[in-house]
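Novice: Residues per chain, in single letters:
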Amino acid sequence: MSQKKDIYSKTIPFALMVAVTILVGTIVTTIAPMFTKGMHPKLDNLKPYTILELAGRDVYQKEGCVNCHTQTVRPLKADVLRYGDYSKAGEFAYDRPFLWGSKRTGPDLARVGGKYSDEWHIQHMENPQAFFPKSNMPKYPWLKDKPLNVNEMKARMNALGFPYTEEDLAQAAESTELDAMVAYLQVLGTAVEKEGVMLVEEDSVEEANPLAGNAEALAEGKALYAAECAGCHGVNAEGNIGASLVDYASAGPASRDTYIIIANGYEGVMPGFASSFSRERIWALVEYIESLAE
Amino acid sequence: MNEYSYDYRTVQGFILSAIFWGVIGLVIGLLISVQMWNVDFNFGEYFSYGRLRTIHTNVLAYGLGIGAEFGIFYYLTIRLTKRNLVLGKLARFHLWLFNVGMVLATFTLFIGMNQSLEYAEFEWPIDIAIVILWVIFTIVILTNIFKRKEEHMYVSLWYIIATLIAVAILYIVNNLHIPATLTKSYHLFAGTNSANVEWWYGHNAVGFLFTTPILAMFYYFLPKATGLPLYSHRLSIISFWSLIFAYLWTGAHHLVYTPLPDWIQTLGIVFTLFLIAPSWGSVINGYFTVDADWGKMRTNYLTKFFVLGITFYGLQTIQGPSQGIRVISSLIHYTDWVPGHVHMGTMGWVTMVICASVYVIIPHIYKTKIFSEKVANIHFWLVLVGQLMFSVTMWVTGIQQGAMWKMTNADGSLKYTFMETLVGNYPYWQMRTVAGVIFVVGMLFFVYNVFMTIRQGQTQAAAAEAKAA
Numbered sequence: 002m003s004q005k006k007d008i009y010s011k012t013i014p015f016a017l018m019v020a021v022t023i024l025v026g027t028i029v030t031t032i033a034p035m036f037t038k039g040m041h042p043k044l045d046n047l048k049p050y051t052i053l054e055l056a057g058r059d060v061y062q063k064e065g066c067v068n069c070h071t072q073t074v075r076p077l078k079a080d081v082l083r084y085g086d087y088s089k090a091g092e093f094a095y096d097r098p099f100l101w102g103s104k105r106t107g108p109d110l111a112r113v114g115g116k117y118s119d120e121w122h123i124q125h126m127e128n129p130q131a132f133f134p135k136s137n138m139p140k141y142p143w144l145k146d147k148p149l150n151v152n153e154m155k156a157r158m159n160a161l162g163f164p165y166t167e168e169d170l171a172q173a174a175e176s177t178e179l180d181a182m183v184a185y186l187q188v189l190g191t192a193v194e195k196e197g198v199m200l201v202e203e204d205s206v207e208e209a210n211p212l213a214g215n216a217e218a219l220a221e222g223k224a225l226y227a228a229e230c231a232g233c234h235g236v237n238a239e240g241n242i243g244a245s246l247v248d249y250a251s252a253g254p255a256s257r258d259t260y261i262i263i264a265n266g267y268e269g270v271m272p273g274f275a276s277s278f279s280r281e282r283i284w285a286l287v288e289y290i291e292s293l294a295e
Numbered sequence: 528m529n530e531y532s533y534d535y536r537t538v539q540g541f542i543l544s545a546i547f548w549g550v551i552g553l554v555i556g557l558l559i560s561v562q563m564w565n566v567d568f569n570f571g572e573y574f575s576y577g578r579l580r581t582i583h584t585n586v587l588a589y590g591l592g593i594g595a596e597f598g599i600f601y602y603l604t605i606r607l608t609k610r611n612l613v614l615g616k617l618a619r620f621h622l623w624l625f626n627v628g629m630v631l632a633t634f635t636l637f638i639g640m641n642q643s644l645e646y647a648e649f650e651w652p653i654d655i656a657i658v659i660l661w662v663i664f665t666i667v668i669l670t671n672i673f674k675r676k677e678e679h680m681y682v683s684l685w686y687i688i689a690t691l692i693a694v695a696i697l698y699i700v701n702n703l704h705i706p707a708t709l710t711k712s713y714h715l716f717a718g719t720n721s722a723n724v725e726w727w728y729g730h731n732a733v734g735f736l737f738t739t740p741i742l743a744m745f746y747y748f749l750p751k752a753t754g755l756p757l758y759s760h761r762l763s764i765i766s767f768w769s770l771i772f773a774y775l776w777t778g779a780h781h782l783v784y785t786p787l788p789d790w791i792q793t794l795g796i797v798f799t800l801f802l803i804a805p806s807w808g809s810v811i812n813g814y815f816t817v818d819a820d821w822g823k824m825r826t827n828y829l830t831k832f833f834v835l836g837i838t839f840y841g842l843q844t845i846q847g848p849s850q851g852i853r854v855i856s857s858l859i860h861y862t863d864w865v866p867g868h869v870h871m872g873t874m875g876w877v878t879m880v881i882c883a884s885v886y887v888i889i890p891h892i893y894k895t896k897i898f899s900e901k902v903a904n905i906h907f908w909l910v911l912v913g914q915l916m917f918s919v920t921m922w923v924t925g926i927q928q929g930a931m932w933k934m935t936n937a938d939g940s941l942k943y944t945f946m947e948t949l950v951g952n953y954p955y956w957q958m959r960t961v962a963g964v965i966f967v968v969g970m971l972f973f974v975y976n977v978f979m980t981i982r983q984g985q986t987q988a989a990a991a992e993a994k995a996a
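Protein chains in written order, with this note's numbering: chain A, 2 to 295; chain B, 528 to 996.
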């Protein structure tokens, strides 16, 4: 070959040049930021994970939950409406690794802590379809049969330098992977003060149901109930985690009160639906609930 | 030494191993595609979606993709350095270690040892084994390059060297972990740093495991298979350096609208858009090479694979950067658009070029012709149709999903519940399963063709031997 001797004939200088070329972008965008304050923020309310919470986080990783659930709410209107306040950098200081995820086959979980009761999570992990009949989330019945390995968890807490007590260890010894998972889910997003994204003022709601007696609304309310409410309140509204709506309706509550409960929820027991259901849908639900009165 | 004394057994070993892992990864892919629309296809702890999805990506990326790259890189290195593998025994050891490692790695994912960093899921003992594996590979390749009998390094060797260096840096940095026990460790980096390092790695794993290696194959096998000289050496120089320079800045486009500082996101997006230029440098080089005689598309079955392959690369490198732009990201990020995008690259570009390269290598090793061009053509059309159907349905799903997530009512509330947006995907997910079946059947034609070619080569060699005796 008659080509002149250049960098493409000299292996070591070529390889070095490749390494340097690769490292420029790496240093600017990945290495240098590590030494800036903005990459290490920590919210005042943020606490290290407890043994049970960390164990739950590990189970979350083990089962590959990150494949379907994200843990970062974008500062976009619809994201905030659906999930709550957008994610702050300072919430993740104890997260090794981060679990923001890249695909939402299921909903985002960044603000799920405190949204439902423990019992809800326990039953939901056992059988997600009992809550959302058309959900494609697998059932996780084996979690409740797996006791936590306390020595293993001790080693993990030590590796991360998280504080714990003998009492915590004793509690972990009596817990299962399911308890741990629930503990983890309940702490997600709790370092940020929770505020209802959309709350309904009592005065803004009509006193009587504008859709009263509307057969179409009744059918829509029934369908919505089956898809979103039956898990907690029972398939026939007989009650489960949530109250029996048959009993509730039989007591003859004011339509406006029922609307407000659905819209604003009960802290830690039932999430509010003001941002996820339109006014018509909430009234349709009210219509259905009232039809349950015996 | 003439070329007939080259020892290609390690090359072949890797190719057959890659086919083995490929079939496993594809079958699991089909299963998880069904699990997406029918939850009853989750079979207990070890065969539930969360675990299998991770195994699917890893087995295909590392088993099929990297396995094939190991073999094909050895082949390319032997050809381009004009000498047999200097460290042939070490390369053979590499082959065994690779397969043992894949068995262990897959097993650990089944039992839930999972670091939850995408494409870096293996726990730390496996990580160490992978680093050892990569070092062995690097030593074997570089030794041959140092002792080459051809002064000039052809463009494929540049891409091979870049792959060796970049993957080593990426893999080691992202897998820095704090071990707690033998089976569990925690990322050295926390929170936003963890995210930034992971996606610097994650995106560049795509760059240096599925772009540069495939370009190395493309630049070598396209001129070989078509008999047409590469269009422009200068263009390959420019695209090479700008590609490996720009790639490393772009990881943050995976973190648009996350708590990662805005300036890193913006820098990531800008360099991502710039990346179109070097990518298209290679695309244009490929097109103009074939431009010398487009008739090859009809007469030479391999040309089809390479031209369509580079076409999907070209589309991929337009689609990818546009996804990074904030306004587009706000619609399609986290939706099925993303797997649609990924699968165009992996099923369209990576698999087509790897298969075509194997179609060149296997007959060459056995001094025979391909068993059946007809079967190869069926393979081509099935993977093309399967992949297009897969990609397009996922793009449509992604847009629908993103739009449904966003829509609001006049009263300011959301129009759809999450479950309604999910149910809207089911018909498309079912179509994807059908597309997957078509693709996998196409790949089975490929496997059949490769094995029949080997058998044909062995029979011919035996006949020739008998004649000589």
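Simulated from the structure, these hints should not be mistaken for lab results. Predicted, not measured: the structure shown is a model, and the values here were computed from it. Just to be clear, a hint being listed does not mean it is correct.
Claimed, not checked - Facing chain B, according to a computed beta carbon distance under 8 Å, are these residues of chain A, among others:
| # | residue |
| --- | --- |
| 1 | THR27 |
| 2 | TYR95 |
| 3 | GLU153 |
| 4 | LYS195 |
Unchecked claim - List time: in silico DSSO-like cross-link candidates among lysine-lysine, alpha-carbon distance up to 27 Å:
| # | chain 1 | residue 1 | chain 2 | residue 2 |
| --- | --- | --- | --- | --- |
| 5 | A | LYS11 | B | LYS609 |
| 6 | A | LYS63 | A | LYS140 |
| 7 | B | LYS942 | B | LYS831 |
| 8 | A | LYS6 | B | LYS901 |
| 9 | A | LYS11 | B | LYS676 |
| 10 | B | LYS676 | B | LYS609 |
| 11 | B | LYS942 | A | LYS78 |
| 12 | A | LYS223 | B | LYS933 |
Glycine included, every Cβ here is placed at the ideal spot set by N, Cα and C.
Novice: Which earlier hints can't be squared with this structure?
Specialist: 4, 7, 8
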